[in-house]
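A.B. asks: If you want the building blocks of each chain, they are given just below.
Number of protein chains: 2
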Amino acid sequence: MNYLKTVVIVFFCSIFSSTTLAQKHPSLMLTEAQLPEIRTGVQQYPLLQTSYEALKAEAELALKSPLNVPVPTDGGGGITHEQHKRNYINILNCGVAYQISQDKKYATYVRDILLNYASQYQKWPLHPKRKPNHPAGKIFWQGLNDCVWQVYVIQGYDLVYDALTAKEREQIEQNLFMPILKFLTVDSYETFNKIHNHGTWNVAAVGMTGYVLNQPDYVEMAIKGSKKDSKTGYLAQINQLFSPDGYYMEGPYYQRYALLPFILFAKAIHNYQPQLNIFAYRDRLLAKAINTSLQLTYTNGVLFPFNDAIKDKTYESIELVYGLNLAYADIKEENHLLDIAQKQKKVIVSDAGLKVAKAIAAGKTEPFKYQSQWIRDGGNGNEGGVGVLRAGDHKDQQALVFKAASQGMGHGHFDRLNILYYDNNAEVFIDYGAARFINIESKRGGHYLPENTSWAKQTVAHNTLVVDEISHYQAKEELGEKQHPELLYFSNQPQLQVVSAKETHAYADVDLYRTTALVKLPELHKALLIDVYRANSANNHQYDLPFWYNGHLVNSSFKINAITDNLRALGKANGYQHIWKTAENTLDTQGGFITILNNERFYTTHFTSGEALVVKQMAIGANDPEMSLFPGKGFMLSQAAAKNQTFVSVTEAHGGVDPINETITAAGSGISNLSLISSDDKQTQISFKLKGKTYNYTINYQDKDNYIIIK
Amino acid sequence: MNYLKTVVIVFFCSIFSSTTLAQKHPSLMLTEAQLPEIRTGVQQYPLLQTSYEALKAEAELALKSPLNVPVPTDGGGGITHEQHKRNYINILNCGVAYQISQDKKYATYVRDILLNYASQYQKWPLHPKRKPNHPAGKIFWQGLNDCVWQVYVIQGYDLVYDALTAKEREQIEQNLFMPILKFLTVDSYETFNKIHNHGTWNVAAVGMTGYVLNQPDYVEMAIKGSKKDSKTGYLAQINQLFSPDGYYMEGPYYQRYALLPFILFAKAIHNYQPQLNIFAYRDRLLAKAINTSLQLTYTNGVLFPFNDAIKDKTYESIELVYGLNLAYADIKEENHLLDIAQKQKKVIVSDAGLKVAKAIAAGKTEPFKYQSQWIRDGGNGNEGGVGVLRAGDHKDQQALVFKAASQGMGHGHFDRLNILYYDNNAEVFIDYGAARFINIESKRGGHYLPENTSWAKQTVAHNTLVVDEISHYQAKEELGEKQHPELLYFSNQPQLQVVSAKETHAYADVDLYRTTALVKLPELHKALLIDVYRANSANNHQYDLPFWYNGHLVNSSFKINAITDNLRALGKANGYQHIWKTAENTLDTQGGFITILNNERFYTTHFTSGEALVVKQMAIGANDPEMSLFPGKGFMLSQAAAKNQTFVSVTEAHGGVDPINETITAAGSGISNLSLISSDDKQTQISFKLKGKTYNYTINYQDKDNYIIIK
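Chain order of the listed sequences is A and B. Just so you know, full-length UniProt numbering puts the end of the first sequence at 711, numbered straight through with nothing missing. Just so you know, full-length UniProt numbering puts the end of the second sequence at 711, numbered straight through with nothing missing.
For the record, the hints were derived by calculation from the structure and aren't laboratory data. One or more of the hints may lead you astray.
Repeated chains share a single entry, so a pair holds when one copy, or any two copies, can fit it.
Heads up, simulated DSS-like pairs for lysine-lysine below, C-alpha to C-alpha not over 30 Å straight-line [what the hints assert, rightly or not]: (1) Lys-616 with Lys-311; (2) Lys-581 with Lys-311; (3) Lys-711 with Lys-689; (4) Lys-581 with Lys-559.
Keep in mind it's a predicted model, so treat the numbers as computed, not measured.
Isolated chain A (complex conformation) (with noise of 0.2 Å):
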């Protein structure tokens, strides 16, 4: 640990001992200062009336359905988890319509549901629906699940608390939220302890419940760790789990489920201990984790779904909305946040939704200042990182994201220097994402599938090169969290952006690197994508590099050779099983173009390696014994054996097709003649036709002042 950090903490520590905590009610995201504005506010405001109208609804109809706690006994997806996710999220709803409406019936059912649950907890044993090595819960399987409930409960129970009697609330303190303290600090020590998501929402839920119930021994070793030496618990993991420019290793996924306890614990922390100065912590992290949560997304709000990542996820997730608002009310009124907020088309009704709303009453609203960036990984920043361009406006905005951060512990896939592009509102170069169809009990009990380990976590699944078959670092985690890519060169210089990095071990003897970049040039209205994939080694191997796209093939360079019928998987192992291969193709040395038309537009990629290469089309589904993989289609470039490899491509997005008027513009590309001229560890030169002009495109590895020259 620095010495910065030494310094941060011993000043907290010092400070800790002498507060004295206020003890309102309510006093979480909802404060009693800002209830009556936020009471007239949600009458005056549009986000924040439907925004409320929507959560009064669903109390509606939370006091409408019977009381409802039953003994746990499902698992993820089953009807007794839902039902207690179910009531937490009724809980929490009725606690803020009682405050906003001061209607006693939300009132009442909140404490009628937790005399009930205190009348039962403490005779549940752990989840039967748990899975061996994995912390359990009691009302859940999972004890990360019984943390979520608790966070949301307390602050039921913070809004609610007045309505309650002092017998009341001993009945709930003593028979049900103390034994959840002592079991989420004790029986559940080690996730408590633990730097990672799950010891997040424990230690949110520790020192949340810690402040409402004035326990602040609790609400101590939440924010310091068991030992209180900071070397576990809230701030230890603000410093360990995110990079200085507040990314979460394990990616946008994760980060975007992590970042909800950090958030709620810090308000909860700003407002009981607010000399603390929490989101100043660290240089403002917490700031710059939603920050970078936001911009890990694409203009049509989608989360970047790499590693383990479901991908119908978009910024209208709970955990931002909650991060947007909190960002916005007590960190920095950015007037771009409300372009995002206006998107997610809802507030969580409390202090800082009121501000956000009021701000797009006000007309304040500007557009989301989507950034050309790295982004750097690992704790002290020196772990590789992601590198996003951004080209064009909000409508039709092209975006390449280069993955080159560490590994990322379990959910990380094995995918060094993989890309992602994106253009016109759709993904063009796609990721799978993870095999897993959450909370669906008939697949696998809603967890991440065998699949997910076999295909969407291998090397070949991605965007990116594979040796001889087998994933980096051969897809062991342990492994792979010893190394990670380095950047060689960044420029979100906008004619000419670029992400350079290299990755040295995931194969004992190739070294990879990769270059790519949006070019814009004068003659195209959008910016070309230029990638360059060099592979260098003493030996042969096999390099193959496939791009899984969106879309449908409507045009090549050469007549693809369709495997009719006898479909057979492209490999055996580590993803390749699962690959259909549905046709392959030996180009000479010029190589050639495919074009495929996806949400109207066309996309064409011109692809040599200056020497004779394969060029494969593949499906996903072999090997899917209970299928589970989605289909999707890519094609591969292959070079069977090789010491040293490049692998250049050139994509122009062009024309388009209008199916409502039935219209088609420019359906062929403008690029021709793409070269490889030469490549080694110092240059490498490309050069390609663009509407009569011949370009030169060349790579200078060790000049970082000219590190790309195109003329």
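The hints should help you fit chain B onto chain A, whose structure is shown.
C.D. replies: Then chain B, alone, in the frame of chain A:
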């Protein structure tokens, strides 16, 4: 031709000659009299304003581009094709912009480009990319497009008429329009007199040009055919191409396409010869045609894509904007039409569009009245038909389409008694549509692909019974044209909506009976889809019933025997060669179920046949040498050999997934124990359990008063 039609035609003939044609300009979609109100309307009424602004922006773009009238060279989607298309769109846009803005620059554009066409047209031979045995054009590869060009261009000319000098008009009329009239009526005599949508475009082009040029002889030929005996021409087409319910036999995609010339020419007749009362002709046939076009869509806007159809066509299609505007303005002001107008997000800048926009601005919009109805096919309404059953509100409507129509000429598919099922704003049991990449030159010139014949039209590509792996009518159009299915029973009673029909000629010795119903039971929120398909024969046959679906299979009552490698085509011919068999299971007499997750909702289909049953899983894509087929999945119920066979399926829409909150509701079906009790010519009896209650469902084929009993 029946007596009534004869009377009507005699009437038309008698009043025709006594008419003096008005000769004002403009007098087609925009008339001189309405112009003042349109000019203010574009500033007052939002939908008219935005429509005009979009049009004006396109007109501005036309002025900025260099005038380009290339010698016709390229086929569909090619450069000269697209340029001439853009030209006619520009001519109309500039004509309208001229009249609204009164800025001469737009008229100058139209004048210059028409003079250019006039200087070249007579030198152009038949198009070099014309296809053998297909009517050629001069401007375009096919005559159809020349007619479309003329329909647009004559409107543009009419709009700038008063801005041209007499000499300019003479040049354009003598050197361009009169030669075109000759080409369309003499060189294209066959098409001009064809009862076909190509014929409709032709007569519309000739008739509208005849009006604008004051050439009554051409007008009369357009309306009554070259021989002026009404055996061909516009009126004959209205009589023969539509059923009395306004159904166009080629199906919704072509109905939408064919509609535009009908209604544009009708508008011209209405303006120039109002005494013909064209909108009243044949019992308001045109009004019915427009209404039926709209009724053949789903709540998300898509046209039901049966027969040859490109699937992304919606009611935003320009033909349906024209249709809706004219229906509202010139036929009947039904305020529910305004609902769809708002979803179309535009109006035609015209007299009709003004009226629609004004009514919307005045808040007159009512929800569109989607009907459950039987729509008759055939010129006399006795050639089968299409049943549409609907349940639920616009946001979440179930729609069942039952196809028992005639063959539908060359674009018809071999899919007697096919069903499509929509729910929750999505297609659940789907139609592949057509195999065609319209206007994409690299895909066989943008024409229908060979796979349209070998796959898309074949019976097995649809959700209907296939016998012995042979398509209905052996996939021969001339055989299919001779016969049509017969409606046995229809009911749109809200709790029990039914279509029951038979097809007894698709196979020499097999009679097909299908009874499909949407059944609303008190225990369930959504109606059940109950489908009973009976095949009768004296001989043994193989019976296959496919269901093609959207979504992913997530559960089944049996362990699916997935084929994990070495994928083989399901069969050899008639579409079977294009299907990969991905799994096969043999079930006992109880049958089983599968559950699909689509668009965040579950669909469990329980099925039985009362005997051991084979269920196959299928994926589209085998024997696809040009990689033209889109991916798709289905399951198939199969009986290897039987004389009489009944397949029963009950599909329940249940529960759902909220990906944003990651919650699941009701992932399990409430239905169980589906049984086929008995089935013969008189009756089919089935039963099933629902929430503990046993339901009996009986079809009494010979008792129309008790066709279905459920208790």
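A.B. asks: All hints are to be evaluated individually against the structure, with a verdict given for each.
C.D. replies: Status of the hints after comparison with the structure:
1. Lys-616 with Lys-311: Classified as both; 26 Å inside a copy, 29 Å across copies.
2. Lys-581 with Lys-311: both (25 Å within a copy, 28 Å between copies)
3. Lys-711 with Lys-689: Within. Shortest intra-copy distance 11 Å satisfies the 30 Å Cα cut-off; inter-copy 74 Å does not.
4. Lys-581 with Lys-559: both (16 Å within a copy, 26 Å between copies)
Violated hints are absent here; each numbered hint is respected by the structure.
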